[in-house]
Amino acid sequence: MTAPTNRWTGVTALAFAGLAVGAVTGSPAALLVAAVGVGYGAFARATSVPAIELAVERELDPEDPGPGDEVHVELTISNAGGATLPDLRLVDGVPNALDVVEGDTRVATALRPGDEETLEYVVTARRGRHEFGPLSVVGRDAAGSNEDTTTVETPGALTCVPLLPSEVSLPLRAQTTQQVGSVTTDAAGSGVEFHTVREYQAGDPLTRVDWKRRARTGELTTIDFRQERAATVVFILDTRAEAYVRSGDGQSAVDHSVEAVGALARSLLGEGHPVGVGSFAARWTWLPPGVGRDHVARLRDRLALGDAFSPTPEDEEFLWGLSLRRVVKHLPDNAQVVFCSPLVDDEAVAAARQIEAYGHAVTVISPDVTTGTEGVGGTVARLERDDRMRSLRRHGIRVVDWDVDRSFAVAAAEAARRWRQ
Amino acid sequence: MSDPSEPQGPDAGSDRPRPSTILTTTAAAFAVGAVAMNATYALPLVVLGAIGVTVAVIRRRRVLLRFGVPLGLLGVLGHGALGGGALGTVAAAGLFLFAWDQTDHAFDLDAQLGPDARVVRGELVHAAYSGAVVGVAAGGAVVLAFLGGHNRPLPALVLLLLGALLLTAALRER
Numbered sequence: 001m002t003a004p005t006n007r008w009t010g011v012t013a014l015a016f017a018g019l020a021v022g023a024v025t026g027s028p029a030a031l032l033v034a035a036v037g038v039g040y041g042a043f044a045r046a047t048s049v050p051a052i053e054l055a056v057e058r059e060l061d062p063e064d065p066g067p068g069d070e071v072h073v074e075l076t077i078s079n080a081g082g083a084t085l086p087d088l089r090l091v092d093g094v095p096n097a098l099d100v101v102e103g104d105t106r107v108a109t110a111l112r113p114g115d116e117e118t119l120e121y122v123v124t125a126r127r128g129r130h131e132f133g134p135l136s137v138v139g140r141d142a143a144g145s146n147e148d149t150t151t152v153e154t155p156g157a158l159t160c161v162p163l164l165p166s167e168v169s170l171p172l173r174a175q176t177t178q179q180v181g182s183v184t185t186d187a188a189g190s191g192v193e194f195h196t197v198r199e200y201q202a203g204d205p206l207t208r209v210d211w212k213r214r215a216r217t218g219e220l221t222t223i224d225f226r227q228e229r230a231a232t233v234v235f236i237l238d239t240r241a242e243a244y245v246r247s248g249d250g251q252s253a254v255d256h257s258v259e260a261v262g263a264l265a266r267s268l269l270g271e272g273h274p275v276g277v278g279s280f281a282a283r284w285t286w287l288p289p290g291v292g293r294d295h296v297a298r299l300r301d302r303l304a305l306g307d308a309f310s311p312t313p314e315d316e317e318f319l320w321g322l323s324l325r326r327v328v329k330h331l332p333d334n335a336q337v338v339f340c341s342p343l344v345d346d347e348a349v350a351a352a353r354q355i356e357a358y359g360h361a362v363t364v365i366s367p368d369v370t371t372g373t374e375g376v377g378g379t380v381a382r383l384e385r386d387d388r389m390r391s392l393r394r395h396g397i398r399v400v401d402w403d404v405d406r407s408f409a410v411a412a413a414e415a416a417r418r419w420r421q
Numbered sequence: 001m002s003d004p005s006e007p008q009g010p011d012a013g014s015d016r017p018r019p020s021t022i023l024t025t026t027a028a029a030f031a032v033g034a035v036a037m038n039a040t041y042a043l044p045l046v047v048l049g050a051i052g053v054t055v056a057v058i059r060r061r062r063v064l065l066r067f068g069v070p071l072g073l074l075g076v077l078g079h080g081a082l083g084g085g086a087l088g089t090v091a092a093a094g095l096f097l098f099a100w101d102q103t104d105h106a107f108d109l110d111a112q113l114g115p116d117a118r119v120v121r122g123e124l125v126h127a128a129y130s131g132a133v134v135g136v137a138a139g140g141a142v143v144l145a146f147l148g149g150h151n152r153p154l155p156a157l158v159l160l161l162l163g164a165l166l167l168t169a170a171l172r173e174r
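Note that the protein sequences, when read in sequence, are chains D and C.
Per the working numbering, the very first residue in the first sequence carries number 1; after that it's consecutive.
Per the working numbering, the very first residue in the second sequence carries number 1; after that it's consecutive.
Treat each hint with caution, since some may be false.
Claimed, not checked - Stretches of chain D that chain C covers, calculated by requiring three or more beta carbons in the stretch to come under 8 Å of a beta carbon on chain C:
1) 10-21
2) 29-36
3) 78-91
4) 134-144
5) 236-245
Said to hold, decoys possible - Residues on chain C that point at chain D, a partial pick, calculated with CB under 10 Å:
6) Thr21
7) Ile22
8) Gly33
9) Ala92
10) Ala93
11) Leu97
12) Asp104
13) Ala117
14) Glu123
15) Ala138
16) Gly140
17) Ala145
Claimed, not checked - Partial chain C-side listing against chain D, Cβ under 8 Å, derived:
18) Thr26
19) Arg59
20) Leu77
21) Ala127
22) Val133
Don't read these hints as lab results, they were simulated from the structure.
Glycine included, each C-beta is placed from N, C-alpha and C at the ideal position.
Whenever a hint applies, use it, and build me the whole structure from the sequences.
Listed below in structure tokens is the structure:
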């Protein structure tokens with residue numbers, strides 16, 4: 001789209017002023033000033049923007065880095081047209097989530113036919129798939145009196161799938177499946193932890209007969225243990241735009257939630273618990289609960305590349321009721337939920353309570369990104385968050401309060417100790 | 001797309017002056033010099049205009065450019081009207097226009113690319129075009145003055161320039 005810049009309007013005024021002064025005073029010098037103005041004006045109006053035909057190539061090295069790795073980006077732009085482009089302004093479409101740590105992503109240049117310009121820069125890789133946007137091009141004629149704005153598609157994507165972090169375990173709530181696992185339940189049967197002693201019934205395994213009591217009193221009794229069963233755990237991450245509040249290290253609460261989910265899921269899958277993951281947001285990502293090596297790989301991919309877990313916030317309209325119904329509809333009947341949210345508003349609290357009300361035992365993991373925030377706003381945010389955690393605990397929901405300046409393992413261990421007391 | 005206002009790259013925050021800054025301050029200084037060679041009462045206006053342009057390009061203040069260039073050109077016209085030499089007047093006018101073109105171009109680059117983008121080549125090429133135009137325009141004016149202007153009546157010159165103005169306006173409408 002070509003548009004006039006109108007930057008030369010003043011030169012016409014100069015020419016008229018020179019003419020007027022020259023005519024009134026009879027000064028040839030003033031008339032010559034007008035002549036200079038006319039010359040510039042003629043140049044400005046005689047030029048036009050040549051057709052912008054650019055060939056662009058993008059190279060990324062490496063294309064599949066780990067988080068924090070530096071990726072070298074090289075964009076080669078050549079003038080594929082037949083006319084000289086005297087004034088080109090080029091801006092590369094660097095994905096929002098990537099930080100440029102070195103080099104240039106923007107340049108002003110001029111290109112003769114066949115000439116090349118190179119943009120070289122380095123970005124720090126972050127979790128997710130990052131599509132590079134088109135190259136934005138503004139071309140002007142030599143005088144700068146007209147401007148043509150266009151874009152050139154330069155496909156390229158950087159995919160960063162982090163390994164799951166080290167295992168972190170957290171006591172699960174009592175809601176379990178019928179499969180044998182590691183969650184101690186109130187049901188009596190086989191297991192490790194003592195439950196009750198009852199009268200022997202035909203068919204009881206001999207290993208559970210209380211032989212000492214039999215020798216002492218002659219009574220035949222059977223020892224019951226607390227049954228240990230597997231639990232289906234679904235991680236629901238609060239990935240609404242509101243949850244993208246950032247901590248001091250530049251990581252958003254969603255990034256911290258993904259890290260916590262990775263660590264817990266690895267531990268749970270290792271113990272044989274089916275694990276699934278979903279989002280509470282307008283963007284929907286869902287991985288049904290499962291076990292096994294393939295499921296670990298799927299979970300890792302989903303946490304890294306799932307739309308809803310993107311490092312940048314969504315701009316779709318979020319509807320609380322719709323999103324909650326979608327979550328509940330997908331949850332298996334006996335699944336317990338680990339809800340990850342920074343608890344920045346009451347909607348997150350209401351969602352956790354509602355899921356619990358639907359019969360799913362909920363544990364909340366809340367990365368605290370208010371630590372270190374200053375001023376009255378920060379203090380209010382901290383107090384409100386504390387109040388929300390108290391509200392959840394009053395309703396029987398366990399909360400892990402995670403100060404993100406410390407490791408998640410420490411927060412989980414502290415929470416486990418508190419729950420045992 | 002990343003935010004153009006954020007400093008980036010190896011030159012981010014660099015104190016090295018840009019070509020536009022060097023060329024503009026030099027042109028403003030030469031404009032003052034051209035007028036001062038045959039000083040008239042208009043010299044203070046030219047000096048003020050030059051200071052305005054210089055501060056504008058150094059401090060990146062477009063508002064100073066908007067006042068500085070018209071003030072300087074007003075001084076140059078006054079210099080011509082008060083009997084300053086034709087050569088000095090034309091040179092000063094051309095240099096002020098050149099300074100304005102460089103600075104305005106640099107401001108536009110800042111607005112579109114951010115202050116830390118790589119712009120040296122773009123600014124130098126623009127300066128080359130602009131310099132060529134000011135050379136041809138000022139040179140043509142001087143040739144007009146010294147070859148034919150002395151023997152022609154003033155109204156004829158005025159009409160000639162008016163015709164040229166109308167022609168450029170017509171070029172714009174084409």
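Right, here's what the structure says about each hint:
| no. | hint | verdict |
| --- | --- | --- |
| 1 | 10-21 | holds (count 10) |
| 2 | 29-36 | holds (count 8) |
| 3 | 78-91 | holds (count 5) |
| 4 | 134-144 | holds (count 5) |
| 5 | 236-245 | violated (count 0) |
| 6 | Thr21 | violated (15 Å) |
| 7 | Ile22 | violated (16 Å) |
| 8 | Gly33 | violated (17 Å) |
| 9 | Ala92 | holds (9 Å) |
| 10 | Ala93 | holds (4 Å) |
| 11 | Leu97 | holds (6 Å) |
| 12 | Asp104 | holds (6 Å) |
| 13 | Ala117 | holds (4 Å) |
| 14 | Glu123 | holds (7 Å) |
| 15 | Ala138 | holds (5 Å) |
| 16 | Gly140 | holds (6 Å) |
| 17 | Ala145 | holds (5 Å) |
| 18 | Thr26 | violated (18 Å) |
| 19 | Arg59 | violated (20 Å) |
| 20 | Leu77 | holds (5 Å) |
| 21 | Ala127 | violated (11 Å) |
| 22 | Val133 | holds (5 Å) |
Consistency note: the structure conflicts with the earlier hints numbered 5, 6, 7, 8, 18, 19, 21.
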